[in-house]
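**Student:** Let the hints inform the model, and build the full structure from the sequences given.
Listed in order, the protein sequences are those of chains A and B.
Read in this note's numbering, the first sequence has 85 at position 85, and its numbers run on one by one without any break.
Read in this note's numbering, the second sequence has 157 at position 157, and its numbers run on one by one without any break.
Since the hints were derived computationally from the structure, they do not count as laboratory data.
Misleading hints may appear alongside valid ones.
Derived EDC-like pairs: lysine to aspartate or glutamate, alpha-carbon spacing no greater than 16 Å straight-line [claimed, not checked]:
hint	chain 1	residue 1	chain 2	residue 2
1	A	17	B	152
2	A	17	A	79
3	A	17	A	82
4	A	17	B	151
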Amino acid sequence: MSEPVSAFRFAVNVTPKPGILDPQGRAVEKSLPHLGISGVSGVRVGRRVELTVAAADAAAARAVVDHLAGELLSNPLMELFEVEALA
Amino acid sequence: MSVRVGVVLFPGSNRDIDAVNALRIAGAEPEILWHESADLAGVAGILLPGGFAYGDYLRAGVIARFSPVMRAVADFAAAGGPVLGICNGFQVLAEARLVPGALLRNRGLRFVCREVRLLPEHMDTPFTRELDRRRPLRMPVAHGEGCYYADDATLDALERDGDVMWRYVNPDGSVAGPDDSGNPNGSLRGIAGVRNAAGNVAGLMPHPETAVEAILGSDDGLGIIRSLVVSAAEWASTGTITGTRPPTPARGAA
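**Tutor:** Here you go:
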């Protein structure tokens, strides 16, 4: 008999590592004066991926997300990721 | 019989016909390898062509990394066979961690399509052995994510071990740093191409396969393609390639 399976929803936030040049962030930052906005700095552009995992429990689902976030969604040479559990 | 060299076709590859043409000119028999097949058809060398494999979704090259053909290419590389990745093919090799480093968005944010000059670092590698002499080579680049990046420790190790293969140079022949005019994308230390520690897998952003006939503006790339073909022939007949080394523990995994 198979274990009961539940659905768990996550978001994975991928951002450029500190120190890595982020030309997209720089371009966004440079455009802000055209909006009349000043005083904004440190803009970094990343990516957010939301997904649903079917697993026996939250810990098992989380392990799946950690694995795919490190292997596929981010490149550890240039990016960091954070996993967020969604309601 | 001429040596057979595989050209991997991913959905979104678009330089495959240029690669086939260049391999023919270089005296090889090209063999198209479909991404869904893990059968390399007994080829003696692999060329990963340019394009936008799997639409470059997520990051250039990353989806291709997990295709059946790339598992076979990784095995082929681990056995010592010669593999050359050009442009998107270089991005695929980097994402597959078959060569060190990563290719970031171009520093200037724009897709860059123009001629560059690149200087081979070494003349005794499987991918430069057929070049006539050490001089800047003219060939095009065409990419949006070609900014070579690795951390300082990895860059130092690449230089120490002789694994930087090609660098962008300025018109005066000096190495083109990230902000120099000769550097199309901001690549650190002017790096246009690298190889793995064993020396049998290399990638570069410029396109030697489209610079193989003088009538098209340059044939400076032909020596690189011919080097791959000669190395494939050597691999097929002897099981080793001059200029390669026993594999060493992984480097730059940080």
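**Student:** Would you check the hint for residue 17(A) and residue 82(A), treating anything up to 16 Å between C-alpha atoms as holding?
**Tutor:** holds, 12 Å
**Student:** Could you grab the alpha-carbon distance between residue 17(A) and residue 79(A) and see if it respects the 16 Å cut-off?
**Tutor:** With Cα atoms ~5 Å apart, residue 17(A) and residue 79(A) stay inside 16 Å; holds.
**Student:** Between residue 17(A) and residue 152(B), does the CA-CA distance stay at or below 16 Å?
**Tutor:** holds, 14 Å
**Student:** Between the alpha carbons of residue 17(A) and residue 151(B), is the straight-line distance 16 Å or under?
**Tutor:** holds, 11 Å
Checked against the numbered hints given earlier, this structure breaks none of them.
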